[in-house]
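Colleague: Chain by chain, the residues:
Number of protein chains: 2
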Amino acid sequence: MISIINTRRSVRKFTSDTVPEGDIREILEAAMNAPSAMNEQAWQFIVLSGAVLDQFLAINRNTPKGAPIGILVCGDRRTSRDDYYVQDCSAATQNILLAVHAKGLGSVWTTVFPDARKPVAQLLQLPDHVVPFSFTPIGLPATVPNAKSRYDGGKIHYNKW
Amino acid sequence: MISIINTRRSVRKFTSDTVPEGDIREILEAAMNAPSAMNEQAWQFIVLSGAVLDQFLAINRNTPKGAPIGILVCGDRRTSRDDYYVQDCSAATQNILLAVHAKGLGSVWTTVFPDARKPVAQLLQLPDHVVPFSFTPIGLPATVPNAKSRYDGGKIHYNKW
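Residue numbers (the numbering used here), protein chains in the order written: chain A, 1 to 161; chain B, 162 to 322.
Chain A on its own, in the form it takes in the complex:
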């Protein structure tokens, strides 16, 4: 398990192979088993594929193209205390990345920047309380990234700075 955490790296090039529906379901279950502030679970998930995925990628240009499917993680302001949905959705996104890697698939955490939120919300007919947060394209990796550990002892401190 810890080796899955340590060897997960951003994948930005994908083969054209489809991703089994059952894998997406398992990945979404992992996402929803993330912790959340006061267990508010302030997340919603939009699975994008086909023409809608293409339209999304034309808006959210920092997401690499080429994956057959992906998950848009959205914050739910109805159930979120203040902006804690950012932390809930981050934990869920990290679980998505790890579950993807555990299944031999690849992904990368891409942000929906503030200026893309409104056009994305319009495209997907999101209600006002649902905020597009991150998008993880999912596919078979076309290349396997180097997974050198990022451990840095200089960032560890004991009982004081």
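Careful, some of the hints might be misleading.
Stated by the list, open to error - List time: in silico DMTMM-like cross-link candidates among lysine to aspartate or glutamate, alpha-carbon distance up to 25 Å:
| # | chain 1 | residue 1 | chain 2 | residue 2 |
| --- | --- | --- | --- | --- |
| 1 | A | K103 | A | E26 |
| 2 | B | K316 | A | D54 |
| 3 | A | K155 | B | D184 |
| 4 | B | K316 | A | D83 |
| 5 | A | K148 | B | D184 |
| 6 | B | K226 | A | E40 |
| 7 | A | K103 | A | E21 |
| 8 | A | K103 | B | D276 |
| 9 | B | K316 | A | E26 |
| 10 | B | K321 | A | D83 |
| 11 | A | K160 | B | E201 |
| 12 | B | K309 | A | D115 |
| 13 | A | K65 | A | D17 |
| 14 | B | K309 | A | D23 |
| 15 | B | K264 | B | E187 |
| 16 | B | K279 | B | D244 |
| 17 | B | K264 | A | D115 |
| 18 | A | K160 | B | D244 |
| 19 | A | K160 | B | D184 |
| 20 | A | K65 | A | D23 |
| 21 | B | K226 | B | D276 |
| 22 | A | K155 | B | E201 |
| 23 | B | K264 | A | E29 |
| 24 | A | K155 | B | D313 |
| 25 | B | K226 | B | D184 |
| 26 | B | K316 | A | E40 |
| 27 | A | K103 | B | D313 |
| 28 | B | K279 | A | E21 |
| 29 | A | K103 | B | E190 |
| 30 | A | K155 | B | D244 |
| 31 | A | K13 | A | D82 |
| 32 | B | K321 | A | E21 |
Unchecked claim - Residues from chain A shown here face chain B by an in silico Cβ test under 8 Å; the list is partial:
| # | residue |
| --- | --- |
| 33 | I4 |
| 34 | M32 |
| 35 | Q44 |
| 36 | A91 |
| 37 | T143 |
| 38 | N146 |
These are computed hints drawn from the structure, not numbers from a lab. Just so you know, these numbers come straight off a predicted model, no measurement behind them. Just so it is clear, CB atoms sit at the ideal spot from N, CA and C, and this is done for glycine as well.
Given the coordinates of chain A, work out where chain B should sit on it, guided by the hints.
Modeller: Chain B alone, transformed into the frame defined by chain A:
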């Protein structure tokens, strides 16, 4: 691996057993292998134990007592673009929780709320650019929480709301 994600739950009661130093090192390595916005790795880690841990817990009252050790994840404003350290530190915190669970230990994600940040920074002599973010107490679970899946099909949408 996915079962580790799905069975991780918040642990708030701990035995008095110590946690091996090697486990803490492995957990910190998992934390640092989280993804971060533009690979900025805007995190710092303060390992708290003994008298300093007690003093921290007297300030950060939402953290349960009883664990022999814990990790304070801090954002590093020097390396963070805007407030993206929140996402970096959330991903690192989630990796900590998963690595802890994988090792048979227990933890819970507790927040350092804004009003506790200054006294915590003073206690630990943190420089101004280092923001206390989350604290994860780590110990052997005294009780094993129920791990019913939080999967909710009502939160999954396909290509539109």
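Colleague: Of all the hints numbered above, which does this structure not satisfy? Sort the numbers upward.
Modeller: 8, 12, 17, 24, 28, 31, 37, 38
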